[in-house]
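Q: Protein chains in written order, with the numbering used here: chain A, 1 to 105; chain B, 1 to 179.
No lab work stands behind these hints: they were computed from the structure. Glycine included, every Cβ here is placed at the ideal spot set by N, Cα and C. Take these hints with a grain of salt, some might be off.
Footprint (simulated), chain B over chain A, 3 or more residues, beta carbon under 8 Å [claimed, not checked]:
1. 28-39
2. 68-76
Far from chain A, by Cβ distances over 12 Å, these chain B residues were calculated [stated by the list, open to error]:
3. Glu2
4. Thr128
5. Val129
6. Asn131
7. Asp146
8. Ala150
What follows is the residue order along each chain.
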Amino acid sequence: MIAAIQPTDTWYLILAAVLFGIGTFGVMVRRNPLVMFMCIELMLNAVNLTFVTLATAVNDINGQVVVFFVMVVAAAEVVVGLGIVVAIMRRRNGLTADDLTALKG
Amino acid sequence: MELVVFVLAAAMVLGGALGVITRSNPVHAALSLVLTLFGIAVMFVSHNAHFLAAVQVIVYAGAIVVLFLFVIMLLGVDKTEDINIEPITVQRPLAAIIGLGIMGILIAAIVAADDVLVSRGSGIAATTVENPDENVRQLARSIFSDNVFAFELTSVLLLVAVIGTVLMARRVKSSGAGK
């Protein structure tokens, strides 16, 4: 009975939307820059899941190609972001986003 | 069977995501992120995206999370952060409203556009026992023919990112240059 239910593409898309919402909430709430980066990764993964699901739904391989490029850009983004965090943290001690007020007007 | 896989993978994804935003220790948050990434990889497999599932595990769970843990170790910030203090008083309710709002809008759009999901592409070949590398073959054919320019640009992007990070994280030797 229950085994007859097949998860449709809509289920996957809704799961990705929930994951994106959780990531958005995390970016706005957490104050540790590293954890904020992790929440951005959550949002990127939600988008990747959406792309792969839609590639299957519309039967087009280009959806999976886009995910490949998103992964490359995500890797580059994490490398640069963590480099910035390391460079900032070397000069000051506090590690919350609230402490980074150098550009405050 | 597919339902069981979906439910288990969804539990991994959502449990890991909630762990990332609720654990006060950054190391625990990074390990929760691994759980989410593995759940996403399982979903990629159930969508016949075998190559992307492998890349997900290697690049995300292997490289990116290790990089996070490395930076946490390097900076020595694995102290538990007190997440009960709230510097801006209305921040969390507002963030919850915005997050739930985005979630609600997306779900409404997904449900409303349910009938748009019709097959109109040139087709994704299913991986079978006879053709175990069909997904990789098809993906490579698309990347190295239609998208070869974008592929070459990603190599430039990675090179720029590596050089930029090395320059940024380098310790400045001369005393006056760092100011």
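Q: Checking each numbered hint in turn, tell me which of them this model violates, lowest number first.
A: 3, 7, 8
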